[in-house]
Amino acid sequence: MNGPILWYAARSTGIVSLLLLTGTVLLGVLGPLRVGSPAWPRFALAGLHRNISLLTLAVLGVHAATVVVDSYVPFRPVDAFVPFLGAYQPLWTGLGVAAFDVLIALVVTSLLRQRINLRLWRSLHWLAYLCWPLSLIHALGGGTDAAGSWPLLLGVLCALAVLAAVIWRIAARRRLAGRVV
Amino acid sequence: MSRRGTGPRLAVNPITCLAHGMCAELLPEYVKLDEWGYPILNGDPLPPDLVAHAKRAVADCPTLALRLDPTS
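The listed protein sequences derive, respectively, from chains A and B.
With the numbering used here applied, the first sequence corresponds to residues 1 to 181, in that order.
With the numbering used here applied, the second sequence corresponds to residues 1 to 72, in that order.
Derived from the structure by calculation, the hints contain no laboratory data.
For glycine and all other residues, C-beta sits at the position ideal for the given N, C-alpha and C.
Incorrect hints may appear among the rest.
Said to hold, decoys possible - Per the computed footprint, the stretches of chain B lying under chain A, defined by three or more beta-carbons under 8 Å from a beta-carbon of chain A, are:
1. 20-34
2. 41-55
Unchecked claim - Over the 12 Å line for every Cβ pair with chain B, so calculated as not near, a few chain A residues:
3. Ala9
4. Leu45
5. Leu54
6. Ala98
7. Gln114
8. Leu118
9. Ala164
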């Protein structure tokens, strides 16, 4: 198959999944800070963190599928899972595929959290801080119209939001010295 | 409060608990928080209508410090 529809679909699902992933990361960064209110209790924010991550994975599945189906881009199903294998923009696409693999690992280990060692789960979960920047670089570098347009602004806003959340968490960790956050 | 019953009982590992407080949000009937945010559990057997909520609280504990012990 070919045509602009697939390109629009790949592009829009890519942008949406970056926004969803950023939302997941923000909730994940702020979760251990005991952020919450009567209207937004902590369990609801934790549930959002999980559900938005699942939604991200679903939208990413469509993102990868549209690129595979689009015959304009030489991208095989295996290229969607093995980084740097595909012939199309190997670096930018490879970073996205690597992030996709990491996200799958994060989601699977989190769904099995009760059955695996909690320390293992927690150490693996730090990979989220690898997954998100890889996705952002993939979006800004590989996006066909990312440079100098509103998608660039969107990427910058995502980066600023995550940066602010991380700084907040580090500051809170210092303030609550002795308490693990 | 009656201590009779056959339902499972809540228990917390005080070493791994880091006072996230989600258990008290999910099961306020059996979990209160102390002034530092750590849970104070009602150790009575859970009534059948609360077991599902207790399982949810156990599963959602960020440090998996909460557990359900069967009443022997």
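Outcome of the hint check:
For the region 20-34 of chain B, the assignment as covered by chain A holds, since 5 residues bring a beta-carbon within under 8 Å of that chain's beta-carbons and 3 suffice. With 0 residues having a Cβ less than 8 Å from any Cβ of chain A, the region 41-55 of chain B misses the three-residue criterion, and the hint is violated. Taking the minimum C-beta to C-beta distance to chain B, about 35 Å, the non-interface status of Ala9 (chain A) holds against the 12 Å cut. A beta-carbon of chain B is positioned within 12 Å of the beta-carbon of Leu45 (chain A); the least distance is around 10 Å.
With a cut of 12 Å on Cβ distances, Leu54 (chain A) stays outside the contact zone with chain B, its closest approach being about 15 Å. The Cβ of Ala98 (chain A) lies farther than 12 Å from every Cβ of chain B, with a closest approach of about 27 Å, so its non-interface assignment holds. Non-interface status of Gln114 (chain A) relative to chain B is broken: a Cβ of that chain comes within 12 Å, the nearest being about 6 Å off. With a closest Cβ-Cβ approach of about 5 Å to chain B, Leu118 (chain A) is found to fall inside the 12 Å limit, against its non-interface label.
At the 12 Å boundary, the C-beta of Ala164 (chain A) stays outside the reach of chain B, the nearest C-beta of that chain being 22 Å off.
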